[in-house]
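Construct the complete structure from the given sequences, taking the supplied hints into account.
Taking the working numbering, the leading residue of the sequence shown gets 8, the next gets one more, and so forth.
None of these hints come from the bench; they were simulated from the model.
What follows is a list of derived Cβ distance ranges for each label pair:
1. 133 / 89: 39 to 49 Å
2. 213 / 130: 20 to 30 Å
3. 289 / 212: 19 to 29 Å
4. 101 / 292: 41 to 51 Å
5. 228 / 145: 26 to 36 Å
6. 283 / 75: 29 to 39 Å
7. 295 / 185: 38 to 48 Å
8. 185 / 268: 36 to 46 Å
9. 77 / 100: 16 to 26 Å
10. 212 / 59: 28 to 38 Å
DSSO-like cross-link-like pairs, simulated, lysine-lysine; straight-line CA separation at most 27 Å:
11. 159 / 122
12. 275 / 33
13. 209 / 227
14. 256 / 33
Glycine included, every Cβ here is placed at the ideal spot set by N, Cα and C.
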Amino acid sequence: MIVCALTVATVAFTTKVPSKKGVFAKSNLVAWCIVPYDVKNRNAEERAQMLNHLGITKMAYDWREKHIPYFDDELKALKKHHIKLQAFWYMSGPNPQRDTNLKIILDVLKRNKVKTQIWLMMIGVDMEKMTQQQKVDTLSKPVKYIAEQAAKIGCQVGLYNHGGWYGEPENQLAIINKLKMRSVGMVYNFHHAEEQASRFSKFYPKILPHLLTLNISGLKGVDPAKVVPVGEGDTEYQLMKMVLKSNYKGPIGIINEDTHPDAETGLKINMDGVANVLKSIGDKTDLKTY
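What follows is the structure, given as structure tokens:
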């Protein structure tokens, strides 16, 4: 909860995991892609009840225009059911200062006294004829504006990889290094990095200090890998083992996109998959939490 508005300089990353449990413990999982990707079209209360039933205590909120009138309902339902809003998804163009959706999101978070992560996608920027430095400079401007506005209410911004130039970890690092804002980090998604799996071991140590959330999925093959449920691929085992051996202490997102039409079933499939991977890689401590 927010006690007062914070400046950019005072926002710190909140990545501590529960004591005596590891990063892949059930209590550290974040439900992701469960709002528009749910054939049952659950409302806020039903969604929170579903997460309680599954034992998931964190949710990242993805939304479409039709969900905007229900933003307050969502936050109130999460609070009622003791579920942490880990993140609020936002897609921006080059001029976020003109986007009413950004103001709506920040207003609803402030009104409900919630501080969280803004998972930021960037679209609508024509970079075809730009140099690498011009691309970094161009994308840094909207990111800076959004981060400044978010920091005023105690929120962080995570650069969200979703393909293209902006989806490459090295380019996101270049933006972060240019801005040098403590409130700006990264959200890394296995399911949007199918062509990066074979070099994960090379860039993972570089993104680790900036990593706010890691969203996992199953990956079958490499360059590009096929996205499958967790535990049904042949690549996520090695990637998750690297994460386990690292000093990453942030949350782990599990997705329902393309897993199952019913969000509850999709989450359960991936939770079972995480348990199978933990058994395979020998993480007995976290496995006991499932």
